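Protein chains: 2
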Amino acid sequence: MTPDPFHSLDGTLDQVWQRLARGVADRRAAARHPTLATVGPDGPDLRTVVLRAARRSDAQLEVHTDLRSAKVLHIGREPRIAMHVWDAKADCQIRINALASCLSGEDGRGRFAQVPEPARRVYAGFPPPGKVLAVPEEHGETEDPADHFCVLVLDVVRIETLHLGPDRHRRAVFTAAGGWSGSWIAP
Amino acid sequence: MTPDPFHSLDGTLDQVWQRLARGVADRRAAARHPTLATVGPDGPDLRTVVLRAARRSDAQLEVHTDLRSAKVLHIGREPRIAMHVWDAKADCQIRINALASCLSGEDGRGRFAQVPEPARRVYAGFPPPGKVLAVPEEHGETEDPADHFCVLVLDVVRIETLHLGPDRHRRAVFTAAGGWSGSWIAP
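Chains as they are written, first to last, in my numbering: chain A, 1 to 187; chain B, 1 to 187.
Mixed in with the good hints, there may be bad ones.
Here are some, though not all, of the chain A residues that point toward chain B, as calculated from beta-carbon distances under 8 Å [stated by the list, open to error]:
1) T48
2) V49
3) Q93
4) G130
Derived Cβ-Cβ restraints for the label pairs, each shown as a range [to be verified]:
5) A:R28 with B:V132: 20 to 26 Å
6) B:T142 with A:V50: 41 to 47 Å
7) B:R168 with A:A146: 18 to 24 Å
8) B:P116 with A:A176: 37 to 43 Å
9) A:V50 with B:A134: 36 to 42 Å
10) A:E137 with B:P116: 44 to 50 Å
11) B:Q18 with A:E137: 22 to 28 Å
12) A:T175 with B:E78: 20 to 26 Å
13) B:P166 with A:V50: 15 to 21 Å
14) A:D155 with B:S181: 39 to 45 Å
Derived from the structure by calculation, the hints contain no laboratory data. None of the values given here were measured: they were computed from a predicted structure. Idealized CB from N, CA, C, for every residue including glycine.
Using the sequences and the hints given, assemble the complete structure.
See the structure below:
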């Protein structure tokens, strides 16, 4: 029997990045749809996002969004964000803190070229996201999506895990400042 | 065929509260395990919580936690929180903003009396949540759980929904200040 990877700090961090990578590659993986928190003028705000990239080597994640969305506005004032994944198959909660920046226009063009045509329509909406509509049918896809496409680049600074094991819960924290070596903490 | 409840604002808000109520009653319902955002000194923080009460009449939700947890500390400084549920069966994302307050000690005693014995052990942990451990086995359940039990009462001020329909996405917002009448907004 192979040892449980969540019984070691290194094994736990390996699992986090493997599961994030799986989220990018596999539509059905838990990490495909993390919950993203930003802080706006009225407090925190949460929404589901689609994970588009996960690079362990530089501790970066990517999400695509509409440049006109509230989260882009929030990040302009408060770049500190949080991300959350509950991976039921691994019995593991992944909590991430990161600094967000926004690539758009020329800087985002390379990424936009890789977005398949049907997915591009998301960025063509008018009126802009969050505007009041008399009826839902008032909303159409009439804009140039390239104008509104934005890549949120998330520089991960902290990862916390909670693994619900059959014997006990194991909680661990890993930070960029600590070289990702990790510590166990009380659940 | 009954009309799709998500095609009307009233129907949408009914669905939200029905699904929150189901989360309280049914361990397998999506709203059983919302994601809760608080804002701390290092930015937003997210974690899974268990929904313990949902009262539409006074727009309140409840969650139980450990009085020593970071979220209680966060709420003491910034009571504005957010909560998120993705209900796959309804194809609906529920986003909630609320003001949190904490009932503990005498005030929380009535609720604690209703917590079954096995669930009480969660509040008996030592060292306190978040303290560094040399090994996970250093953590035990040696404290009096009544001392650390806390009810987070969430006064809901805003509910936003995104329903992914076969024809189009419908996004709606409802506020306490607006008497919960609701508006459609651009997705």
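Hint check results:
no. : hint                           : result
1   : T48                            : holds (5 Å)
2   : V49                            : violated (11 Å)
3   : Q93                            : holds (6 Å)
4   : G130                           : holds (5 Å)
5   : A:R28 with B:V132: 20 to 26 Å  : violated (36 Å)
6   : B:T142 with A:V50: 41 to 47 Å  : holds (44 Å)
7   : B:R168 with A:A146: 18 to 24 Å : holds (22 Å)
8   : B:P116 with A:A176: 37 to 43 Å : holds (41 Å)
9   : A:V50 with B:A134: 36 to 42 Å  : holds (39 Å)
10  : A:E137 with B:P116: 44 to 50 Å : holds (49 Å)
11  : B:Q18 with A:E137: 22 to 28 Å  : holds (25 Å)
12  : A:T175 with B:E78: 20 to 26 Å  : holds (22 Å)
13  : B:P166 with A:V50: 15 to 21 Å  : holds (19 Å)
14  : A:D155 with B:S181: 39 to 45 Å : holds (41 Å)
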